[in-house]
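Chain order of the listed sequences is W and X. So that you can map any letter, position 201 of the first sequence is 1502 in the numbering used here, and since no number is skipped, the others follow by simple counting. So that you can map any letter, position 109 of the second sequence is 112 in the numbering used here, and since no number is skipped, the others follow by simple counting.
Hint data in this document are derived by calculation from the structure and do not stem from the laboratory. All C-beta atoms, glycine included, are put in the ideal place defined by N, C-alpha and C. Take the hints with a grain of salt, since some may be wrong.
[Stated by the list, open to error] Covered by chain W, according to a simulated footprint, are these stretches of chain X (three or more residues, beta-carbon under 8 Å):
#, segment
1, 45-58
2, 354-361
[What the hints assert, rightly or not] Computed list of lysine-lysine pairs in DSS-like fashion (alpha-carbon distance at most 27 Å, straight line):
#, chain 1, residue 1, chain 2, residue 2
3, X, Lys437, W, Lys1443
4, W, Lys1443, W, Lys1421
5, X, Lys48, W, Lys1421
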Amino acid sequence: MARKIIETVDLWKEYSLGDQVIPVLRGINLVVEEGEFLAIMGPSGAGKSTLMHILGCLDVPTRGKYILDGEDVSLMNDTHLSQVRNRKLGFVFQAFYLVPWATALENVMLPFLYADRSPKDARERAVQALTRMGMGDRLKHKPSELSGGQQQRVAIARAIVNDPSLLLADEPTGNLDSASSREVMEIFQEMNGEGRTIVLITHDREVAAYASRRIMLKDGLIMEEG
Amino acid sequence: MTGEGQGIEAKGRGQGVGEEVDGLSFLSHPLSFKGASRRVSQVFKEMKASLLGVFFMTLGVVISVVAITVIASLGEGTRIKITEILREVNFGSNAFLVFAGGGKFFGPAETRKDTLTMGDVEAMARFDFVHGVSPGQFAFFPVSYGGEVHRTRVNGVLPQWAPLANWRVVEGRFITWRDERRRAKVAVLGWKTARDLFGGEDPLGKFVKVSGVLFRVVGVLERKGAVGRHQLDTRVVIPLSTCQRRILNRDWLDVVKVVLVPGVDVHEARAKVAELLRKRHRIRPPHPDDFRIITPEQIIAFLTKASQTLTLMLLLIGAIALVVSGIVITNIMLAVITERQSIIGLRRALGATKGDIMFHYSFFSLLVSLVGGILGLAMGLVLASLISRFSPIPARAPWYLLVAAPLFALFIGGIFGIHPARRAAALHPVEVLK
Chain W
1302 MARKIIETVD
1312 LWKEYSLGDQ
1322 VIPVLRGINL
1332 VVEEGEFLAI
1342 MGPSGAGKST
1352 LMHILGCLDV
1362 PTRGKYILDG
1372 EDVSLMNDTH
1382 LSQVRNRKLG
1392 FVFQAFYLVP
1402 WATALENVML
1412 PFLYADRSPK
1422 DARERAVQAL
1432 TRMGMGDRLK
1442 HKPSELSGGQ
1452 QQRVAIARAI
1462 VNDPSLLLAD
1472 EPTGNLDSAS
1482 SREVMEIFQE
1492 MNGEGRTIVL
1502 ITHDREVAAY
1512 ASRRIMLKDG
1522 LIMEEG
Chain X
4 MTGEGQGIEA
14 KGRGQGVGEE
24 VDGLSFLSHP
34 LSFKGASRRV
44 SQVFKEMKAS
54 LLGVFFMTLG
64 VVISVVAITV
74 IASLGEGTRI
84 KITEILREVN
94 FGSNAFLVFA
104 GGGKFFGPAE
114 TRKDTLTMGD
124 VEAMARFDFV
134 HGVSPGQFAF
144 FPVSYGGEVH
154 RTRVNGVLPQ
164 WAPLANWRVV
174 EGRFITWRDE
184 RRRAKVAVLG
194 WKTARDLFGG
204 EDPLGKFVKV
214 SGVLFRVVGV
224 LERKGAVGRH
234 QLDTRVVIPL
244 STCQRRILNR
254 DWLDVVKVVL
264 VPGVDVHEAR
274 AKVAELLRKR
284 HRIRPPHPDD
294 FRIITPEQII
304 AFLTKASQTL
314 TLMLLLIGAI
324 ALVVSGIVIT
334 NIMLAVITER
344 QSIIGLRRAL
354 GATKGDIMFH
364 YSFFSLLVSL
374 VGGILGLAMG
384 LVLASLISRF
394 SPIPARAPWY
404 LLVAAPLFAL
414 FIGGIFGIHP
424 ARRAAALHPV
434 EVLK
């Protein structure tokens, strides 16, 4: 049996509004094995983002357990979660979130800034990641000098430069035209083919079709798998 | 894909926004030098990206530190100048003045004044700790030559006045014992008085009229300058006996300068002289002294008191300006952080801890204030020296200013940078990454 990258046990997330308690996630049990490419779908308000934040260690569950790559992260404090994000996770966002005054290369090197021990070949690894994304000739370009698709490829290079156990993508094609979207999704598929574990969040069926497995989230529960 | 938790209080373990914003957690894992320098270079790059904000933050600090530097330098320069000139006229730490008439320092006499006599002077001179005594009378009179009339201080003194005041003549000679014995009508002019009355003309041998009496000018004193606003070079010096008999028509003295043997304790000597005078003037408790003994420190304190009060007030205003510039720092930093919040969220997602963010923005404001402090100090020193070059106000930066100005600026940057940095650190990545 393959290694479990994600394992959640009865995961709840509740928000309180005055004296009212609003459950957003209502007992999520999810296992993602190494090498899977999972798409989480669902209408807006279904809890996709909340689940993504918890899976990405940006937020903690109210109840339940989350084991990421063999480490129980559900009880970790903020500093430890930061370190886990740095070591084990790569993020791709809809809005790219590149630092505007930094070059493509500097953007890709950002994660090393917060590593306990930055690798000696940090620069080399960043160049490799960018080259891998077909951006090897644009190392010194600022984000404003790149197209949307190119910016997202820089962001993907940044997400994989630390060689994370899990790559999380939140609507990665939301700000892209269809041609760039296809390009980006093909990159994800390729990386999955090389054994990388990916969790993709989208409401778009076409985008979800690139994944090897899809789940539907509705009212804070996993409704269907397929 | 909106954040479901938006605007709703999050209910989760360890979710409190204030959690761990101690800002010191970045100290718990030591940074390598390289790591630190890369983080510092991140701050520089971010500063370059908000040059206008950095400019205004720095400007506030620079202006206040320039003001503080100039004010402190001019105040200190004035104090040092006064001390130097007093030392120049041999009124340093080894001398004091005995004035006729008791009362408050430099106030009007509150007792009779006519008790200080040559007998007292001779008695004081007999102390073995006294190096020399110089009795004198002074009064203001119109002094005229040709059409020129100037109201000037007239000093009646003995020949030892010149050596005891360390005051040479640059032309002619000083008053002699022969003049004193004969009550000679001879005068030695202060440098400025000679200029005012005679212009370019040689005053030696000419006659000036003092209070209707003609005096032959026998010498001109060297130039000494001014103590504060008190011009030392306007005076007419005549023999004491001439002053007593022909000008003031009284015997009692206005002042006696007592110069001590080097190494003698001034306060002890002063007490002994006071005791002697009380005895000679037959004063018993509870009656007050009918004389005043004034030390150079008191004169310096008196002369600098007004300017020191003013200096202190101006310094206070400068300090308030610096605090205001601190508030400017807070506000601009808050604006910068609001503008950058998604990047802060991104850094957090990439693994930056709250401490890392705290470090990043604290360093930002500390750097701005330090640069402003050093720049302000440098510009202030230049400005102060320019002012002293083109005006009579001397400038001297007190040594503590060189340390205190940048440190105070740094302190302001630190204090007023904490709030924005804490707010940046407390930003929840989920709230700012949409």
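(message) Let me make sure I understand: some of the numbered hints might not hold for this structure. Which ones are they, in numerical order?
(response) The structure conflicts with no hint, since it agrees with every one listed earlier.
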